[in-house]
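As given, the protein sequences belong to chains A and B, one line each in that order.
Under this note's numbering, the first residue of the first sequence carries the number 330, and numbering increases by one thereafter.
Under this note's numbering, the first residue of the second sequence carries the number 7, and numbering increases by one thereafter.
Everything labelled a hint here was simulated from the structure, so no lab data went into it.
Among the clues, some could well be false.
[Stated by the list, open to error] Some chain A residues close to chain B (C-beta under 10 Å, calculated; not the full set): (1) 421; (2) 722; (3) 769; (4) 775.
[What the hints assert, rightly or not] Straight line, CA to CA, 20 Å or less: simulated EDC-like cross-link-like pairs of lysine to aspartate or glutamate: (5) 769/A x 83/B; (6) 109/B x 95/B; (7) 109/B x 768/A; (8) 177/B x 725/A; (9) 42/B x 649/A.
Heads up, the beta-carbon is just placed ideally off N, CA and C, and yes, glycines get one too.
Each chain, written out:
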Amino acid sequence: MSRELFKFKGGVHPPEHKSESNTRPIAVAPIPNFLVIPVRQHIGNPAKPLVHVGQSVLKGQMIAAADGYISAAVHAPTSGVISDINLQAVPHVSGLPDLCITLVTDGLEQWIDHGPIDYLALPPAALRMQLRDMGLAGLGGAVFPSAVKLDPGAAHTCPTLIINGGECEPWITCDEMLMRERADDILQGVAVMRHLLDSTEVLVGIEDNKPEALAAMQAAAAKLDFKVEIVAVPAIYPGGGAKQLIQTLTGQEVPSGKLSTDIGIQVFNVGTAYALARAVHHGEPLISRLVTVTGHVLRPQNFEVLIGTPMHTLITHAGDRHGTTGVLMGGPMMGMPMPDLKVPVVKATNCILVKSRELFPALPKALPCIRCTRCADVCPAELQPQELFRFAKAGDFGRAQEYHLFDCIECGCCSYVCPSHIPLVDFYRYAKSEIWANEKEKRAADLARERHEFRQFRLEREKKEKAEKLAAKTQAKRAELTTAPAGGAVASEADAKKALIAAALARAQAKKVEATPKNTDSLSAETQREIEEIEVRRAKIRELAHQPLETEEKPK
Amino acid sequence: MLTAILVMVSIAVVIGLALGWSAIKLKVEGNPLAEKIDAILPQTQCGQCGFPGCKPYANAIAKGEADINQCPPGGEDGVKKLAELLGVEAKPLDETHGTPKPKSVAFIDEQICIGCTLCIQACPVDAIAGAAKQMHTIIAAECTGCELCLPPCPVDCITMEPIVEDLPHWKWKHPVINLKRVA
Ligand code: SF4
Ligand code: SF4
Ligand code: SF4
Ligand code: SF4
Chain A
330 MSRELFKFKG
340 GVHPPEHKSE
350 SNTRPIAVAP
360 IPNFLVIPVR
370 QHIGNPAKPL
380 VHVGQSVLKG
390 QMIAAADGYI
400 SAAVHAPTSG
410 VISDINLQAV
420 PHVSGLPDLC
430 ITLVTDGLEQ
440 WIDHGPIDYL
450 ALPPAALRMQ
460 LRDMGLAGLG
470 GAVFPSAVKL
480 DPGAAHTCPT
490 LIINGGECEP
500 WITCDEMLMR
510 ERADDILQGV
520 AVMRHLLDST
530 EVLVGIEDNK
540 PEALAAMQAA
550 AAKLDFKVEI
560 VAVPAIYPGG
570 GAKQLIQTLT
580 GQEVPSGKLS
590 TDIGIQVFNV
600 GTAYALARAV
610 HHGEPLISRL
620 VTVTGHVLRP
630 QNFEVLIGTP
640 MHTLITHAGD
650 RHGTTGVLMG
660 GPMMGMPMPD
670 LKVPVVKATN
680 CILVKSRELF
690 PALPKALPCI
700 RCTRCADVCP
710 AELQPQELFR
720 FAKAGDFGRA
730 QEYHLFDCIE
740 CGCCSYVCPS
750 HIPLVDFYRY
760 AKSEIWANEK
770 EKRAADLARE
780 RHEFRQFRLE
790 REKKEKAEKL
800 AAKTQAKRAE
810 LTTAPAGGAV
820 ASEADAKKAL
830 IAAALARAQA
840 KKVEATPKNT
850 DSLSAETQRE
860 IEEIEVRRAK
870 IRELAHQPLE
880 TEEKPK
Chain B
7 MLTAILVMVS
17 IAVVIGLALG
27 WSAIKLKVEG
37 NPLAEKIDAI
47 LPQTQCGQCG
57 FPGCKPYANA
67 IAKGEADINQ
77 CPPGGEDGVK
87 KLAELLGVEA
97 KPLDETHGTP
107 KPKSVAFIDE
117 QICIGCTLCI
127 QACPVDAIAG
137 AAKQMHTIIA
147 AECTGCELCL
157 PPCPVDCITM
167 EPIVEDLPHW
177 KWKHPVINLK
187 RVA
C-alpha cells in the first residue's frame, strides 16, 4: 500500500544533528518570573492590547484582541499581573523593539473558565472566528493565522489536506518529539481541519529518518474513524518545505505566484494540528509551544514553553556553557541570529540553537562567484541563484524579479554548497525587502497624487459653487427687498443696498450671541482654568496679528 | 509554388490587420512622457522644484523647460531614474532647490493648536483633519512631509518628526561581504 512518491529537483544533505535533542523526552519548562508577550507574533495586523498595567489576568485570558481578518489574538500564558505595556526587544534580526505586554507571573497557574468546543455543531465561519480569537497561527515557522488557512474560500472544499511532519532542518526535533509523544492529539486536530476544509484525502508526510515518529503516528491513525495516510518521505533538505512536500506526495507543482489552495491542497504543520486539538477539545488558546533547545548547551532537549519566556532562561535551564558565539532562532539553514537573549519565545520559535566556534566555525571569506552553477543544481525552486545574486548585488531588482526572485523560499541550499562561500540568501532577502519598500513608496506616492488631484478639483468646484451661491443670494435678497418695501413705497437702489448691509449686520450679531458657549454653567475648576488659559493665548495671538509685520521680514 | 505565395500573402494580411488593430486599440492617451515623468516624481507636492506641484514640474520637464535635478525629495535616485527615462546624462541635484532630508511627517501639538484652519488650507494632499475653532490633527499615513503647513501656522505648533525605523518599516541591508582579493 505504499504510495508512489515523486522527487523534487535539487536539495542537499547537511549533517542531521537530531540525536542531540531527541533522546530526552519532552519536559515542561519552568515558569519564569515574568513573561514578555509581543502583540505581533503572526503575519497580519498586530493584536490590540485589551489590558492595562496593574491588571490581574488569568491563564488563558485574552490580553490582546485580533485586529481584522488576517490577525490572531494573544493570551496570558499563565496567571499574574500586567506590569508593563511598551516597546521591548523581540526575536527579530533587526534588533528593533516592538510592542509587548509584560506579565509578572504569580506561579498559581489559575485558569480562566474554559472547556471543549462542540465544533461539529458550530457554523464553520463562527468556528474560524473562535480559532482566531484563540490565537491560532501556523507553528511551522510562517505563523500565518490558521483561521484564514482553514477557510476553503469560494470552492467550499479543499480536497487534499497535507500534514507536514517533515522537519528537514538539521538540529530541530520539536515536531518529531511531538509526533512520538502526542500523536493522538495531533490527529484530533487533523480531524477538525478535515471538517473545516471538507477534505477527502489526508496525508501526513514524515521523513524516513524518524522511524519512532512514523510508528507512533501510524498507531494513532489506525484508531481513527477516517482514513489518514502516514507516508514516509525520503530525508533530504528542504523536503519539509510546503511546496517540496506537496511535490513529493502528489507530484503536483504549485505554479509560480500561486497558492497551494489554487490546486486544492492545504498544508499544516503537526504542531499547528496539535495546538488546534488543544483549542477545540480542551478550550485552551495558544499559550505554549514545543521548543528545541540544542547546540552548545549541556542538556539539549525539547521543552514545552510558555509564550513570552525569555530565551536566556531556557538556555540556562538546558545548561549554558562557555564559548557561546551566538544564538539562532530556528535551524542552521534558515534560522535568524538573535540580537539579544532577553528576547522572548514567540509562536514562531521552534528552536533555540546555541552556537559555538566548534559547532559552527566561522565561514571563510567570500570569494567572487565563479559561475560554477552548483547553486542552481541544488535549488529546489529551480531558480538560477547565481543570476539572482548578480542582480540583487547590482541593485537591478527588476531583473531579479524576472528571474523569479519571489519563488525563492530562502532555504539556504545555494549558500550551503557555494564554493565561494557567498551568503547568497542574504542578498535575496535584501532584494525582496527593497522591492517591497519600493512598492510601498509607490503606493504612497499614488495616494498622494490622487489626493492632490482631488484637492485641486475640490478647490475649483468650491470656488465655482461659492461664486454661484453669492450671485444667487444677492439676486434673491435684492428681489425680496424691492418687491416688499415698507409702506409700499418704491425703494431706490441705494435703499436696497443699505437694507442688505443692515440685514447682514443683524445676522452677524445673532451669530456672535450664538457662538458664546452655553455649557459654561457648571464647570470644574480645572476646565475653567483651561478655558482661561486658552483665552489668554487667543488674546495674545490677536495682539500679535494686529502688530505691524516688522518681525516678518528679517533684514538680510 | 502558388500555395506558398498564398500562404505568405495571407500571413502578411493577418499580421497587418493585427498591427493595425492594436495601433488603434492600444493607443496611449494624454501626454505619455509627462505622465511617465510624473510617475517617477515622489508626489510630495512640496513645490521645492519651483513649480506648484509634481505634475507641473513633470510637464515642464517634458517640454524641456526645466532640468531634471530640481526635486530634492526625489534625491539622486530620482534624478538617475529621470535621466534613464529621458536618455540623458544624470547630474547631481541642484542645491539651490534644497537638499534631501530624511522622510518626515508633520505633527501638530494639540495643546497649542488654536484651530485657525490655516494649515488645512496649505496642505496639498488634505492630510490635516479639523474644523474651525477645533483642534487639528495630521493623518500621518497621508502626510507627504512637504512642510507647506509650517509657515502659515500662527502659533508655530507644527513640527516635522522624522519617521523612525520600526519593525514594519525595517529593511534588510545590503550584505557587507568582504570579498577576498584574488590576484
Ligand atoms: S555556487 Fe556560488 S560560485 Fe557557484 S555559481 Fe553559485 S554563487 Fe557562483
Ligand atoms: S535559497 Fe532560494 S535560490 Fe537558494 S537554493 Fe533556496 S530557493 Fe534556491
Ligand atoms: S520638488 Fe516637491 S513638488 Fe517638485 S517634483 Fe519634487 S516632490 Fe514634487
Ligand atoms: S500635513 Fe503638512 S507636511 Fe504633511 S502633507 Fe500636509 S502640508 Fe505637507
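Evaluation of the provided hints:
The beta carbon of residue 421/A comes within 6 Å of a beta carbon in chain B, closer than 10 Å, and the hint placing it at the interface holds. Given the 10 Å rule on beta carbons, the hint for residue 722/A holds: about 8 Å separates it from the nearest Cβ of chain B. Evaluation of the residue 769/A hint against chain B yields a held restraint, the C-beta minimum of about 9 Å falling below 10 Å. The interface hint given for residue 775/A is met, as the beta carbon of that residue sits about 7 Å from the closest beta carbon of chain B, less than 10 Å.
About 16 Å separates the Cα atoms of residue 769/A and residue 83/B, which keeps this hinted pair within 20 Å; it holds. Pair hint residue 109/B plus residue 95/B does not hold up; C-alpha atoms about 27 Å apart against a cutoff of 20 Å. A C-alpha spacing of about 16 Å is found between residue 109/B and residue 768/A, which places the hinted pair at or below 20 Å, so the restraint holds. Under the criterion of a C-alpha separation no larger than 20 Å, the hint pairing residue 177/B with residue 725/A is consistent with the structure, at around 17 Å.
Of the supplied pair hints, the one linking residue 42/B and residue 649/A is violated, its CA atoms being roughly 59 Å apart against a limit of 20 Å.
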